[in-house]
Amino acid sequence: MPQATAEQQSPISRQPKVHSKSFLRRLMKQWDVQLMVLPGVILVFIFAYMPMYGVITGFMDYNLFTGSRIWDNPWVGFKHFEAFFAAPEFERILRNTIVISLLKFVIGFPAPIILALLLNEVRHMLFKRVIQTITYLPYFLSWVIVAGFATALLSTENGSINILLERIGAIDEPINFLSLKEYFWSILISANVWKDIGFNSIVFLAAIASIDPALYEAADIDGASKAKQIYLITLPSIMPVVIIFMILAIGNLLNAGFEDILLLASNPVLRPVSDVIDTYVYRVGLGSHRYSYAVAIGLFKAIISVGLLTIANYMARRSGNSLW
Amino acid sequence: MLKRISFGDKVMLIVVYALLSLLAFTALYPFWNAVAVSFNVGVDTAKGGVTFWPREFTLENYKIILQDERLLNGFLVSIGRTVIGTATSIFMTALLAFGMTRSYLIGRSYYMVFFIFTLYFGGGLIPTYLLIRSLGMMDSFLVFIIPSLISVWNMIIFRTFFKGLPVGLEESANIDGCSNWGIFFRIILPLSGPVIATLSLLTAVGHWNDWFLPSIYITSDTLLPIQTILRQTLNANIVSGSSTVLDSASVALLDQARQITSKSLTMAMMIVVTLPIILVYPFVQKYFVKGVLVGSLKE
Chain L
0 MPQATAEQQS
10 PISRQPKVHS
20 KSFLRRLMKQ
30 WDVQLMVLPG
40 VILVFIFAYM
50 PMYGVITGFM
60 DYNLFTGSRI
70 WDNPWVGFKH
80 FEAFFAAPEF
90 ERILRNTIVI
100 SLLKFVIGFP
110 APIILALLLN
120 EVRHMLFKRV
130 IQTITYLPYF
140 LSWVIVAGFA
150 TALLSTENGS
160 INILLERIGA
170 IDEPINFLSL
180 KEYFWSILIS
190 ANVWKDIGFN
200 SIVFLAAIAS
210 IDPALYEAAD
220 IDGASKAKQI
230 YLITLPSIMP
240 VVIIFMILAI
250 GNLLNAGFED
260 ILLLASNPVL
270 RPVSDVIDTY
280 VYRVGLGSHR
290 YSYAVAIGLF
300 KAIISVGLLT
310 IANYMARRSG
320 NSLW
Chain D
0 MLKRISFGDK
10 VMLIVVYALL
20 SLLAFTALYP
30 FWNAVAVSFN
40 VGVDTAKGGV
50 TFWPREFTLE
60 NYKIILQDER
70 LLNGFLVSIG
80 RTVIGTATSI
90 FMTALLAFGM
100 TRSYLIGRSY
110 YMVFFIFTLY
120 FGGGLIPTYL
130 LIRSLGMMDS
140 FLVFIIPSLI
150 SVWNMIIFRT
160 FFKGLPVGLE
170 ESANIDGCSN
180 WGIFFRIILP
190 LSGPVIATLS
200 LLTAVGHWND
210 WFLPSIYITS
220 DTLLPIQTIL
230 RQTLNANIVS
240 GSSTVLDSAS
250 VALLDQARQI
260 TSKSLTMAMM
270 IVVTLPIILV
280 YPFVQKYFVK
290 GVLVGSLKE
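Sequence lines, in order, name chains L and D.
Letter 249 of the first sequence, counting from 1, is numbered 248 in numbering that gives the first Met the number 0, and no numbers are missing.
Letter 138 of the second sequence, counting from 1, is numbered 137 in numbering that gives the first Met the number 0, and no numbers are missing.
For the record, the hints were derived by calculation from the structure and aren't laboratory data.
Treat the hints loosely; a few may be bogus.
Pairs of lysine to aspartate or glutamate residues, derived as EDC-like cross-links and limited to a Cα-Cα distance of at most 20 Å, are as follows [to be verified]: (1) K46(D) / E172(L); (2) K300(L) / E81(L); (3) K9(D) / E216(L); (4) K28(L) / E170(D); (5) K9(D) / E90(L); (6) K127(L) / D43(D); (7) K46(D) / E165(L); (8) K46(D) / E156(L); (9) K62(D) / D43(D); (10) K28(L) / D8(D); (11) K28(L) / D43(D); (12) K78(L) / E90(L); (13) K9(D) / D219(L); (14) K9(D) / E120(L); (15) K300(L) / E88(L); (16) K46(D) / D171(L); (17) K300(L) / E258(L); (18) K285(D) / D195(L); (19) K227(L) / D8(D); (20) K46(D) / E59(D); (21) K227(L) / E120(L); (22) K180(L) / D195(L).
What you are looking at is a predicted structure, and each value in this text was computed from that prediction instead of being measured.
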């Protein structure tokens with residue numbers, strides 16, 4: 000390493016005439032490190048950049064038989080974009096995408112913060128650890144399992160939710176929750192909160208743990224109640240972390256979810272409320288094989304997402320914390 | 000020092016404990032109920048009312064599930080892809096991250112932009128699908144491994160961790176004439192236990208839980224991992240109400256037994272699929288808590 004650093008700083012490398020030669024020499028000298036990076040660069044090029052190149056098929060009428068000869072497909076300009084904007088589903092897909100991701104944000108974002116605040120009040124360490132262990136667990140389950148649990152609990156045939164509601168007299172007949180549009184958003188959000196609340200609270204718990212205990216001692220002496228301490232010490236102290244996570248959520252506005260919706264809304268009756276951009280792309284692309292149309296919609300979403308992410312990152316930087 | 004607790008604080012503590020207990024109950028109940036149903040006779044469950052405990056205990060559901068060749072095969076595929084996929088991905092990503100920590104690496108900042116750009120923008124589902132097709136990876140085990148060899152997120156976390164390691168060790172190794180590969184294998188990797196454990200855990204969970212990629216890339220039954228099979232079974236239950244996606248031997252058994260319903264079978268299947276995670280989970284809990292914090296440093 001010292002050798003190479005000396006090379007880099009040597010006056011020779013700054014002279015343009017011999018530059019290319021010494022550049023090659025430097026490159027040869029560090030072939031071993033370049034070799035470590037090379038496979039990663041190639042893999043990312045193939046599996047991340049080649050699909051990016053593939054988005055040009057969104058401006059063509061792509062068909063599978065031309066295969067790898069992408070350029071043999073006819074150009075059609077913005078035809079597929081226009082078709083999407085004019086599609087009867089367009090409005091509801093956009094609405095569902097935004098509503099679902101906003102609901103996930105409004106309910107799913109504060110939930111782990113509240114959990115962290117509650118956990119922080121627990122003085123009984125064993126109790127705290129047990130609660131943490133239990134609430135982190137659902138995060139590690141696949142959406143297939145979570146959707147399976149949801150289906151079982153909400154079923155009309157021995158579904159616990161229906162049993163409970165019948166027992167307390169709220170309903171007379173079991174309700175088939177997963178086939179009724181009005182319940183879908185609540186079910187989707189609840190399943191998401193159930194899965195992620197514990198795991199997402201970890202970072203906020205850590206933020207709370209780093210607060211100076213002297214602040215609480217002083218508040219105790221002044222006779223401030225626990226509730227007041229949370230409001231006046233804990234919340235303001237973790238605000239920077241909260242704000243960063245809020246800003247990052249802006250960048251995810253069009254990511255309403257995919258697996259969760261696909262699995263929980265397997266009943267097609269729910270489409271008017273469950274269809275979001277990603278599930279639509281999946282259905283028309285891989286289900287109906289309208290590749291170019293689906294690529295165009297995916298690209299539409301990706302471009303807006305990049306815009307949102309850039310805004311989010313800019314805001315994060317302004318607030319003193321950048322993403323990278 | 001004993002603190003006197005005010006009445007208001009006492010009430011709040013009670014509320015806190017009550018809410019947390021309720022939350023823990025909500026988190027656990029779906030498992031509990033699934034276990035109860037999976038040990039209950041199917042036709043009895045259909046009458047309703049099975050919540051906490053099985054009413055007519057039976058092991059029949061598990062017997063059928065564990066004899067199903069298709070499920071057994073799915074398990075093997077899942078284990079294979081999780082072990083191989085995690086080991087190769089962690090190694091390749093760590094190697095890349097180590098290379099990226101070398102300050103004299105020519106083109107380092109260009110490489111970094113090259114990698115980070117992929118976090119912002121991607122080709123999306125369909126172009127990736129068409130690429131996998133044209134690479135001839137459809138219906139092949141390789142599709143589980145190769146596309147996910149490099150995780151840019153994990154690379155960033157590894158890099159941050161490697162940068163935080165003491166420089167002195169490396170310098171002395173350098174003086175002793177240790178090559179970069181030697182430094183990586185003999186110094187960096189042995190010192191990176193916690194971060195390797197954390198990222199391996201999260202990568203492994205991702206592999207184990209993935210049902211979607213196989214559902215679009217895999218067509219032969221023998222290559223389907225357990226989660227995808229489970230998804231097909233659940234879907235068949237919802238769509239047709241009764242049929243299961245079990246092999247013919249099991250269906251024959253099913254007809255014979257009559258006592259068994261697809262619902263009770265599905266529940267047993269879900270428990271069997273979840274069990275590995277629940278068994279490993281307590282041992283690795285401390286790692287992922289650390290891992291989340293390492294990850295969020297960069298966020």
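Hints, one by one, checked against the model:
no. : hint              : in the structure
1   : K46(D) / E172(L)  : 14 Å, holds
2   : K300(L) / E81(L)  : 14 Å, holds
3   : K9(D) / E216(L)   : 18 Å, holds
4   : K28(L) / E170(D)  : 18 Å, holds
5   : K9(D) / E90(L)    : 51 Å, violated
6   : K127(L) / D43(D)  : 38 Å, violated
7   : K46(D) / E165(L)  : 14 Å, holds
8   : K46(D) / E156(L)  : 8 Å, holds
9   : K62(D) / D43(D)   : 18 Å, holds
10  : K28(L) / D8(D)    : 68 Å, violated
11  : K28(L) / D43(D)   : 74 Å, violated
12  : K78(L) / E90(L)   : 18 Å, holds
13  : K9(D) / D219(L)   : 15 Å, holds
14  : K9(D) / E120(L)   : 11 Å, holds
15  : K300(L) / E88(L)  : 15 Å, holds
16  : K46(D) / D171(L)  : 16 Å, holds
17  : K300(L) / E258(L) : 17 Å, holds
18  : K285(D) / D195(L) : 17 Å, holds
19  : K227(L) / D8(D)   : 10 Å, holds
20  : K46(D) / E59(D)   : 18 Å, holds
21  : K227(L) / E120(L) : 13 Å, holds
22  : K180(L) / D195(L) : 24 Å, violated
Going down the numbered hints, you'll see the structure goes against 5, 6, 10, 11 and 22, while the others check out.
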